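Undergrad: Residues per chain, in single letters:
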Amino acid sequence: MNGATGPGAALAAAGVTIRPAGPDDAVAGVTPRWVAFPETTREIAAVMRVSAAHDLAVVVAGAGTTLHWGRPPERCDMLIDTCRLNEILEHEAGDLVVRVQAGVPVETLAEALAAKRQELALDPPLEGGTVGGLLAAGLAGPRALRYGTARDLLIGITVVLADGTIAKAGGKVVKNVAGYDLGKLFTGSYGTLGVIADATFRLHPLPTARAWVVWPGAAPDEVLAVVPAVTASQAEPSAVELDRPAPDGPCAVAVLVEGAAAAERAQAVRDLLGEKARVADEPPRWWGRLPEPGHPGPGPSSEPGGRPGEGGVLVEIRTVPSRLPGLFAGALARTDAAVRGSLASAVLRVALPAETDPAAAAALVSALRAELADAGRVVVLSAPEPVARRVDTWGHVGGLALMRRIKDRFDPDRRMSPGRFVGGI
Amino acid sequence: MSDAVLDRLAVRFAELLPAGAVITDPVRLRTYECDGLTLHRAMPGIVVLPETAEQVAAVVRLCGEYDVPFVARGSGTGLSGGALPRTDGVLIVTSRMRRILEIDMPNRRAVVEPGVTNLAITEAVREQGYYYAPDPSSQQVCSIGGNVAENAGGAHCLKYGFTVNHILGLEIVTPDGEIVELSALDPGYDLLGAFVGSEGTLGIATKITVRLSRAPEAVTTLLAAFGSIEGGGAAVSAIIAAGIVPAAIEMMDALAVEAAEAAVGCAYPEGAGAVLIVELDGPRAEVEHQFTAVERICRETGAFEIRVAASTEERAAIWKGRKSAFAAVGRISPAYIVQDGVVPRTALPEVLAGIDRLQEEYGIRVANVFHAGDGNLHPLVLFDDAAPGEGERAATVSGRILDLCIEHGGSITGEHGVGVDKSRYMPKMFTEEDLDTMQLVRCAFDPRSLSNPGKVFPTPRLCGEVPGVRKGVHPLVESGRAEQF
Ligand SMILES: Cc1cc2nc3c(=O)[nH]c(=O)nc-3n(C[C@H](O)[C@H](O)[C@H](O)COP(=O)(O)OP(=O)(O)OC[C@H]3O[C@@H](n4cnc5c(N)ncnc54)[C@H](O)[C@@H]3O)c2cc1C
Ligand SMILES: Cc1cc2nc3c(=O)[nH]c(=O)nc-3n(C[C@H](O)[C@H](O)[C@H](O)COP(=O)(O)OP(=O)(O)OC[C@H]3O[C@@H](n4cnc5c(N)ncnc54)[C@H](O)[C@@H]3O)c2cc1C
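In order, the protein sequence lines correspond to chains A and B. Residue 1 is where the first sequence starts when you use our numbering, and the numbers rise one by one after that. Residue 1001 is where the second sequence starts when you use our numbering, and the numbers rise one by one after that.
Read the hints as simulated data drawn from the structure, not as lab findings.
Straight-line alpha carbon distances no greater than 20 angstroms define the calculated SDA-like cross-link-like pairs of lysine to any residue that follow:
#1 B:K1159 <-> A:G94
#2 B:K1159 <-> B:S1237
#3 B:K1323 <-> B:E1261
#4 B:K1159 <-> A:A209
#5 A:K276 <-> A:V227
#6 A:K116 <-> B:G1243
#7 B:K1159 <-> A:P207
#8 B:K1320 <-> B:E1258
#9 B:K1320 <-> B:R1307
#10 B:K1323 <-> B:S1333
#11 B:K1159 <-> B:A1285
#12 B:K1159 <-> A:Q118
#13 B:K1159 <-> A:H204
#14 B:K1159 <-> A:R210
#15 B:K1428 <-> A:I166
#16 B:K1323 <-> B:V1141
Note that the structure is a prediction, hence the values are computed from the model and not measured.
Isolated chain B, as found in the complex:
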């Protein structure tokens, strides 16, 4: 894209948007050059900060008019480079769309703008005894729009599901600039479900209706220390086999515990080869039953120390080490890669053994933190970026971990998304036919591929090239402004 086009576009944007909502100054643009995956950087061509859906739609329509790609950005905490800007494009940032529009307690729902943070929703309804269930560790900062785009999960999604299970309606701006309402009440194809998790490639969410959940009557959090990761894994399997679905089951290995200790002094039991955190919630009588069983299982599978949080403060103390784990490894390693893969829970022991072998083979340390209940691994691959070749070896180890996940019937991402980072792994998990079929959805929403192009899919076919697609569709039909039925 020539600078001249962007210059003209910036002028047109300035006519549409409030003062200060168009950024072209290189120093300020730099703030937006990457998301939470800082490895990938690009200076956005233009940044806009719209305040309403109509403004988003107008910006998107102008992008279409000038054939310029656009990328949505919420809080920029994404870990797969999903919000990586385009130098030849426009970055549409939702940070000025932060209003909670409606809280409807009788119907247990709230309507919010996309820039509202995940935690702000819970804070708005906590006093009434409700909360918004999906709880990514980044919840203080990440936006609900970003959560929708990534189908974000959290420690408690084992029992309560992911973002997609809690979204009841969306207002979206389609890639051709139309405002469309999607409701879970609507008959027809589940476009709402298809949009959630589409990583900004099917348009921009401008209004989001979320389900509010009743805060549970009782919560019990237990920390169990095991001599080895195998012991912890056996406990997880036995808990599931006992028919218990805890709100969360998290595990950390010795290296991750060491890092958390160094960073936040979480005071987990010394000498633990693995630390397991199990949280049970629900009706008090139910939680008591389950707690007895879980405690017994942990002892039987060899826990050498069990702590139980008796208060909110103690619960926070147990979670502190886990929640800080990503950043904490910064204390024990100059640099690290956060990986996100999934394996069937029963394959955990084999995959962890495989990761051990990789550590030895490449001389790279890996700290393991994971959502053990659903097999979602977050290996933290540690390296020294000053040591020649170590970065490359770490990247290899990180990639081979994904290979392990695929070999065991798992996934290359459980919650952080594909973004730019993992698009090249998509063909390892899916066939060409699978990817072409997904591309049909993309072409239906965004035939010109202007919405976050280059993410999720490796070099997709152009929409016209997809086999089986009719030629010569009238542009008005294509854009949805006319119908041929």
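Bound conformation, chain A alone:
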């Protein structure tokens, strides 16, 4: 540390727990100098003020499940670990609203809510991520079709800006149009605008029953031919998911229905999918997980755990349903990649094994982009450096000039996760 006048001393004086960082704290290969453990929003602000005074670059870490996603930070001096921001601040069951600190694990929150027969209708990631990380990474899960994504369920947010300013937007009522919705900007911002301190969400009652209709093995074109009818069906599925472990083998489809009449509705979906489909009260094991490349089939994963996408290449495709058949017959047919995702909302994740030739990985990304053109986006969520060097991580970003102006206003000195985000933001 920098002696009695350095940032470490300043933080210690402010009462914030801090320790020197080691190689294990590296963010995508960049090792910070300190790790701070704020417990309150004020303590986050203290860390940010000290960081501002000493021109320190700051990266925020939740559970670290996807911390290696995005580009490596250009520099990183201070890692803010949110694990001590772990309080559920307010859960008014009658209002179907919860306010939580950013470091609360999504699973812990889900347990607390389930005790009141409620849920945050974002599919809890399996790997122990935090509320703040879930917001900042802004990924969608299977049930986005019915409930939207994190940005749709977030109704209020408290953030701490690069200069230590504490600001909030929204509130704790579901319906509210007073002022700009800063929560939208911070959702999916990869920590580049500031630190999310706490978040308030709209909740849903836990459905009385759930049923999955699983069609274990079919060719992609067969699957895609029936999916539109399933999506549009009056059974109102909450999710329509696909798993394609490898290009030559079959893919599996699973459709979720939720509600008191789930059994009846599942039967209606099964009538559409055909006799090979069966109704189950548990999801298939691949449900809601990232694709596992090089995995032979829909049996149990050989290597559970591990950081998703780490080592390998993980790509996200966002498009419209009508483009899916073309993709599966085109670029996706010509790659070993494993594919999983939502057919109804047309969001797919594509994973290549770590040993994939970087040129081949880059070619896949280009081929996907060429095939979709304006009708979709292809984002490289995570890739080893040799691949990352060859591809444009983010691809086309509409409104990039405006995004840069936003960044410039929120973080004029570029100290928040610099370089990690679109256009080098």
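Since the structure of chain A is provided, determine the placement of chain B with the ligands on it from the hints.
TA: Showing chain B with the ligands alone in chain A's frame:
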């Protein structure tokens, strides 16, 4: 702004726009002097009626060149003075941008121009079994551009969400006159989400891609009459506690019912202290389950009469009283203020009791109409504008209702927006830091504050004054035409 500048600007506009698209005649300008909040009026300097995004962009660029503010206007049904024109500025009206550009059924989306009415979208896809979900009561008239700007809601947003949850893409003209496409597919900051609800202060939407929703298999509408508002409130709480999310739960108190009866003869049960309308929709089997539960809950919480709509006509009859409620109070009062506040649902009883106390204290009647499911109140504050002092007392009551909402952790507006009407309440709900941070977004989009200035925020700092902002940014960088990264 001197008249000379506006005169010159009008000439330049006439060169750019089709014949008849530039209005400077005072008699015609008067048509545009206010929106649905008629209390605030101002004659616009110039009105333009562009037909394309390029024309909007050209108008906006010229405004920039002459340093003249501009205000967008859709159908002018806004209830917070958001489209109140500037006497020293230009009003850009979207009424000639009314084409539905594309209906893409396989992908369940439609692309429309901003002047298209909300209902026109639903009408265009109804035969295919789809609709556009957000349904403000003004949907026959209000424009989708206005809905985007206000993040409009409607009775059914309890289950289906607001405008922002149904917008998949926008083409906007930024305050410096550039045309930018924002798509929900794009990585990066959610500019789409930030633009929706920004009340015309971040630019003008010129093309809007909306999600189309499948019309539900079954719809059941139930009307329950209670002796008191407390009974109705207890029913609402019990329905939510039972894990049911109806498509809509609306409540009206006795005075609102009396007004609706006088205006449209809705024939709601006599002697009701509160009328509750609950609409359930979705898969038939699901709706049947929920209906049984809701009916039981209403009886248990003391409903003395329950009616169930068995046909589309009967459903329309139930909704008629509710949908006409705002205008209806005109029948029982010479003048009224429509308020729009939100409280956490569990605070409803206390807040309603507080409103009762205000009525007594000020001798002003308040008719309550509300979206009970999400705690969004629309108190109608009644007064006689001919009686000395009554207007002021009504305004005080209306403001104190907002104070009540804030005290109970709610919001000063659930769907009508801040506009000019409520900007002074913003500091009661937000700290100076909160407002300064919101202002950063404004400065990123509109550093010169030309797009609908004076709305939403009370006397904002100039962009240069915001703490922490770097000085000496090159104007090209500022306008987004060059980058410094
Ligand atoms: C298998 C799998 C399935 C998933 N399914 C879903 C799903 O269905 N729905 C869903 O929403 N998500 C899903 N995710 C995404 C996952 O929820 C998030 O990526 C994860 O929760 C990140 O949490 P974390 O605490 O580990 O964040 P980290 O990995 O620590 O951080 C992720 C990013 O967020 C930033 N960050 C973290 N905390 C903050 C903060 N407080 N303020 C500002 N920036 C911050 C970091 O700097 C980093 O850029 C899934 C992920 C996996 C691996
Ligand atoms: C009887 C009645 C009932 C109502 N019921 C509801 C209701 O149930 N729910 C609800 O939410 N609202 C309701 N409203 C309010 C109003 O209808 C909505 O706010 C509506 O969205 C306004 O649309 P408009 O086209 O009339 O917009 P205007 O009033 O013309 O403008 C509203 C705001 O939008 C901006 N604007 C307009 N077009 C654009 C554009 N293309 N780009 C950028 N900014 C633009 C304007 O500058 C202004 O700030 C009601 C109003 C009335 C009169």
